[in-house]
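Q: Sequence:
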Amino acid sequence: MKLDRTDRRILEILQRNARISNLELADRIGLSPTPCARRVKRLEDSGLIRGTATLLDQSRLGLKLTAWIGISMDRHTPDRFDAFETQVSAFPEVMGCSVVTGQSADYLLCAVVPDMQYYERFLLGKLTRIPGVTGVHSSFELRRVVQHTALPLDHIGNDTEV
Numbered sequence: 001m002k003l004d005r006t007d008r009r010i011l012e013i014l015q016r017n018a019r020i021s022n023l024e025l026a027d028r029i030g031l032s033p034t035p036c037a038r039r040v041k042r043l044e045d046s047g048l049i050r051g052t053a054t055l056l057d058q059s060r061l062g063l064k065l066t067a068w069i070g071i072s073m074d075r076h077t078p079d080r081f082d083a084f085e086t087q088v089s090a091f092p093e094v095m096g097c098s099v100v101t102g103q104s105a106d107y108l109l110c111a112v113v114p115d116m117q118y119y120e121r122f123l124l125g126k127l128t129r130i131p132g133v134t135g136v137h138s139s140f141e142l143r144r145v146v147q148h149t150a151l152p153l154d155h156i157g158n159d160t161e162v
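Position 81 (the sequence shown) corresponds to 81 in UniProt numbering; numbering is contiguous.
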C-alpha cells in the first residue's frame, strides 16, 4: 500500500484526536467528506489503523504506581516463552510486555497498580507464580517526563510503500 502526503496527514490528525468528525477531518486536510472517509476506511482495512482508544487519567483513577519489571526466565524455549506470554497477557495490571535484549532480563513489563501493597500482591501472587520465572527486578516510576501516544511519521515521504 502506498501512502501519500494526505494519508500521512490523516494519520497524524487521527493519532491526536480519533474522535474528530469526518467532516472536520476532511476540512483540515482539504478533501471533501466522501473521499476522506474512503481514505480512512482504506487505512483501517490495510491494518495501519488498528483501532481507537480513550486515554484515561491514571492518577485520578487511583493508579498511582507504575512499575517497570525485568523478568528472567529459566529456559529460552518457545514453549516456555509462549506459556509466560499467555499468562502475563491476561493480567490487567500489565500495560506492556516486551522481549528485550542487552539486559539481564528476558522481558520488560510495565505494570500500573494503586500502591505498593497491591504491587506486592501482584508480584508474589501472580508474576512469580508463572512457571519459568527465575528473577524479577522492579523499578518504580517517580515522575513521567514524556508520554506520547502518537507515533512519529516524519520518515514517511510522498508515495511511501508500507
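No lab work stands behind these hints: they were computed from the structure. In this text, all values refer to a predicted model and were calculated from it rather than measured experimentally. Mixed in with the good hints there might be a few duds.
[Unchecked claim] Restraint ranges, calculated between C-beta atoms of paired labels, are given here:
(1) Asn-22 <-> Gln-117: 44 to 54 Å
(2) Asp-74 <-> Asp-4: 15 to 25 Å
(3) Asn-158 <-> His-76: 22 to 32 Å
(4) Asp-74 <-> Pro-114: 28 to 38 Å
(5) Lys-126 <-> Asn-158: 44 to 54 Å
(6) Arg-121 <-> Ala-83: 35 to 45 Å
(7) Asn-22 <-> Ala-90: 29 to 39 Å
(8) Glu-161 <-> Pro-92: 49 to 59 Å
(9) Pro-92 <-> Val-146: 16 to 26 Å
(10) Asn-158 <-> Val-136: 26 to 36 Å
(11) Lys-2 <-> Arg-50: 17 to 27 Å
The beta carbon of each residue, even a glycine, is placed where N, CA and C say it ideally should be.
Q: Each of the hints needs a verdict: does it hold here or not?
A: Hint by hint, here is what the structure shows:
One distance hint, 44 to 54 Å for the beta-carbon pair Asn-22 and Gln-117, holds here, with the actual separation near 47 Å. For Asp-74 and Asp-4, the Cβ-Cβ distance of about 50 Å falls outside the hinted range of 15 to 25 Å, so the restraint is violated. Separated by about 43 Å at the C-beta atoms, Asn-158 and His-76 break the suggested range of 22 to 32 Å. Evaluation of the 28 to 38 Å hint for Asp-74 and Pro-114 yields a pass: the beta carbon distance comes to about 31 Å.
The supplied range of 44 to 54 Å is met by Lys-126 and Asn-158, whose beta-carbon atoms lie about 48 Å from each other. Checked against the hint of 35 to 45 Å, the C-beta distance between Arg-121 and Ala-83 comes to roughly 22 Å, which is inconsistent with it. Restraint check, Asn-22 to Ala-90: a C-beta distance of roughly 36 Å satisfies the suggested window 29 to 39 Å. Restraint check, Glu-161 to Pro-92: a C-beta distance of roughly 38 Å breaks the suggested window 49 to 59 Å.
With their beta carbons about 25 Å apart, Pro-92 and Val-146 fall inside the hinted range of 16 to 26 Å. Between Asn-158 and Val-136 the beta carbons are some 47 Å apart, a value that contradicts the proposed interval 26 to 36 Å. The given range of 17 to 27 Å is respected by Lys-2 and Arg-50, whose C-beta atoms sit roughly 19 Å from each other.
Checked against the numbered hints above, the structure breaks hints 2, 3, 6, 8, 10 and satisfies the rest.
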